[in-house]
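Student: Sequence:
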Amino acid sequence: MSYREIILEIKNEIAVLTLNRPDTRNVISSAAMIDEIVEALSALDRDESVKVLVLTGAGSAFSAGGNVKDMANRLGMFAGTADEIAEKYRQGIQRIPRAFYGFHLPVIAAVNGPAIGAGCDLACMCDIRIAGERASFGETFGLLGLVPGDGGAFFLQRIIGFSRASLLTYTCRVIDAKTAERMGLVSEVVPSAELMKRALSIASEITRQPRRTLRMTKRLMQLSRERGLLDVLDLSATFQGVCHHQPEHEKAVNRFLIKDQEK
117 MSYREIILEI KNEIAVLTLN RPDTRNVISS AAMIDEIVEA LSALDRDESV
167 KVLVLTGAGS AFSAGGNVKD MANRLGMFAG TADEIAEKYR QGIQRIPRAF
217 YGFHLPVIAA VNGPAIGAGC DLACMCDIRI AGERASFGET FGLLGLVPGD
267 GGAFFLQRII GFSRASLLTY TCRVIDAKTA ERMGLVSEVV PSAELMKRAL
317 SIASEITRQP RRTLRMTKRL MQLSRERGLL DVLDLSATFQ GVCHHQPEHE
367 KAVNRFLIKD QEK
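Throughout, our numbering is defined as the position within the sequence shown, counted from one, plus 116.
Hints listed in this document are in silico derivations from the structure and should not be mistaken for laboratory results. There's no promise every hint is true.
Here are the simulated distance ranges between beta carbons [to be verified]:
hint : residue 1 : residue 2 : range
1    : N128      : F270      : 28 to 36 Å
2    : A269      : K367      : 20 to 28 Å
3    : R343      : E378      : 52 to 60 Å
4    : G300      : V263      : 20 to 28 Å
5    : A198      : A353      : 26 to 34 Å
6    : P363      : L283      : 45 to 53 Å
7    : Q325      : Q377      : 46 to 54 Å
Calculated pairs, EDC-like style, for lysine to aspartate or glutamate (alpha carbon to alpha carbon, straight line, at most 16 Å) [to be verified]:
hint : residue 1 : residue 2
8    : K313      : E121
9    : K313      : E249
10   : K334      : D186
11   : K127      : E164
12   : K185      : D139
13   : K334      : D161
14   : K294      : E304
15   : K294      : E249
16   : K127      : E321
17   : K313      : D292
18   : K127      : D151
19   : K204      : D186
20   : K204      : D139
C-beta atoms are modelled at their ideal positions from N, C-alpha and C, and glycine is treated no differently.
Take these sequences, add in the hints, and give me the full structure.
Tutor: Here it is in structure tokens:
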């Protein structure tokens with residue numbers, strides 16, 4: 117598939133997906149943008165050459181979320197009756213969180229600028245968030261008389277806890293990168309010029325693992341947020357049994373033993 121709304125690049129087992137609508141500050145509410153994000157994730161999940169995804173935005177913003185002009189003019193997903201709009205959410209922008217939730221590889225958000233509304237939620241759909249100094253984050257739906265419509269109420273509290281998520285969601289406060297780091301929303305803040313270099317460095321560390329291992333580990337990480345210890349232990353045992361019979365495991369053990377003998 118050729119892309120117009122995004123740029124997708126793959127190199128050294130790392131995919132980089134760039135939201136490429138800087139003229140709109142990378143809003144993600146258009147049908148074209150939604151389709152391309154979902155299709156790209158599906159393609160990358162099937163691509164055996166990819167182990168990790170880095171997500172970022174072109175221009176000065178990560179993503180401004182929904183298109184406010186379209187809201188004002190009742191266009192696209194914001195047109196129709198209440199029931200029609202609800203269905204457009206289900207069949208439209210909510211495909212993005214479903215796609216990220218079903219994506220089997222680690223995702224790093226390289227947040228280069230404002231991540232507002234659905235843009236903040238998009239960053240929260242990722243496993244790791246690295247912020248440039250000019251990044252900012254806001255669950256600002258309420259200022260437009262809206263609720264988080266694409267999973268923000270689900271994702272944010274699982275990252276920073278219920279109380280802090282409530283504070284940001286109810287106040288619609290926009291926080292800078294350093295505040296986001298203190299709250300645990302981002303793992304690191306780096307100079308803007310070094311953002312992609314740092315994100316790619318972390319991605320490169322991740323690629324040292326076999327792809328199969330990464331997929332299993334991500335499933336365990338997800339399950340651990342939803343289920344009890346016994347369920348996690350049971351699936352861990354199943355996965356570990358599979359891993360012990362993979363050639364990647366045998367090679368890694370042999371390398372370890374050789375290095376140990378050389379000491």
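Student: Lying within 26 to 34 Å: is that true of the beta-carbon distance A198 to A353?
Tutor: violated (47 Å)
Student: Taking the CB of A269 and the CB of K367, does the distance hold inside 20 to 28 Å?
Tutor: Once the Cβ atoms are compared, 44 Å apart, the range 20 to 28 Å for K367 and A269 is violated.
Student: Given the hinted pair K204 and D186, is their alpha-carbon gap at most 16 Å?
Tutor: holds (14 Å)
Student: Tell me if the straight-line CA distance from K127 to D151 falls inside 16 Å.
Tutor: violated (23 Å)
Student: What's the verdict on K313 and E249, does the C-alpha distance respect the 16 Å limit or exceed it?
Tutor: Holds: K313 and E249 sit about 14 Å apart, inside 16 Å.
Student: Given the proposed pairing of K294 with E249, does the C-alpha separation stay at or below 16 Å?
Tutor: holds (8 Å)
Student: For the pair supplied as a hint, K204 and D139, is the alpha-carbon distance within the 16 Å limit?
Tutor: violated (24 Å)
Student: Taking only the CA atoms, is the gap from K185 to D139 under or equal to 16 Å?
Tutor: holds (13 Å)
Student: P363 and L283, beta-carbon distance inside 45 to 53 Å?
Tutor: Roughly 49 Å apart at Cβ, these two residues keep to the hinted range, so it holds.
Student: Are the Cα positions of K294 and E304 separated by 16 Å at most?
Tutor: holds (9 Å)
Student: Take a quick look at whether K127 and E164 sit within 16 Å of each other, Cα to Cα.
Tutor: The given pair, whose Cα atoms are some 13 Å apart, holds under the 16 Å limit.
Student: Falls inside 28 to 36 Å, the C-beta gap from N128 to F270?
Tutor: The hinted range 28 to 36 Å holds for N128 and F270, with Cβ atoms some 33 Å apart.
Hint violations for this structure: numbers 2, 3, 5, 7, 8, 10, 17, 18 and 20, all remaining hints satisfied.
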